[in-house]
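Those letters in the sequence shown? Residues 1 to 211, by the UniProt record's numbering.
Simulated from the structure, these hints should not be mistaken for lab results.
Where hints are given, some of them may not hold.
[Said to hold, decoys possible] Quick list of the computed label-pair ranges, beta carbon to beta carbon:
| id | residue 1 | residue 2 | range |
| --- | --- | --- | --- |
| 1 | Ala-52 | Asp-21 | 19 to 27 angstroms |
| 2 | Glu-112 | Gly-194 | 18 to 26 angstroms |
| 3 | Thr-176 | Ser-57 | 19 to 27 angstroms |
Bear in mind the structure is a predicted one, so any value in this text is a computation, not a measurement.
Ideal Cβ placement from N, Cα and C applies to all residues, glycine included.
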Amino acid sequence: MTRRPAPSGTGRSATRRSRQDPVQRREQLIGIGLEMLTRRPLHQITVDDVAAGAGISRSLLFHYFPTKRDYYAEVVRAASRRLLHAMWVREDSAGRAGTIEAILTEYLDFLERRHEPYLALLRSSGAEDWAREIFEETRAALAGKLIGALGIEQPSELERAAVTAWLSFAEELGLTWARHTIGDRAEVLRLLTGTLRRAVHLAGQRAESAR
1 MTRRPAPSGT GRSATRRSRQ DPVQRREQLI GIGLEMLTRR PLHQITVDDV
51 AAGAGISRSL LFHYFPTKRD YYAEVVRAAS RRLLHAMWVR EDSAGRAGTI
101 EAILTEYLDF LERRHEPYLA LLRSSGAEDW AREIFEETRA ALAGKLIGAL
151 GIEQPSELER AAVTAWLSFA EELGLTWARH TIGDRAEVLR LLTGTLRRAV
201 HLAGQRAESA R
């Protein structure tokens, strides 16, 4: 009796294609979530759609992530890591952190290339308490990077708050520029650096007078 060929997409070859190292599979699933997050809010991403995108069953996704919330959290953390990595500037030979201008140049480069993933991170921040917590941790890390670049070794609470508040301004201005090309890049960079330095200067004066 002649054996019939296995239907396309089945059999050993399909099994080999669908099998991945656990770490690779997790990265693939997180990557799919990140891509979806650029097109829709976090709460509209379903595990069924993610599993279908990876070519696996819904139940197999939960082999890599215990719960749906765990999966969503990893996606949001990955979006956060991308931003922090984009704003990382190598220290110079003397061990000094990158300048404000260098850090904000990297920031504008990131927004110019990948403003959709950044919008995704902003969208996710209002979804759940845990998502807001991750976003606030990201903001705190960014604020710390900027404070270090400004050379402030022991920032006051007001100085730290001023930098954190300035980040909201930078997000709005940077995204408006990246999406609509409003203003010259050099002008936007000068505005960002100027307002940051001014805000920190005024906060520092206030902190000094309160001592």
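Each hint tested on the structure:
Take Ala-52 and Asp-21: their Cβ atoms lie about 21 angstroms apart, and the range 19 to 27 angstroms holds. Restraint check, Glu-112 to Gly-194: a C-beta distance of roughly 20 angstroms satisfies the suggested window 18 to 26 angstroms. With their beta carbons about 42 angstroms apart, Thr-176 and Ser-57 fall outside the hinted range of 19 to 27 angstroms.
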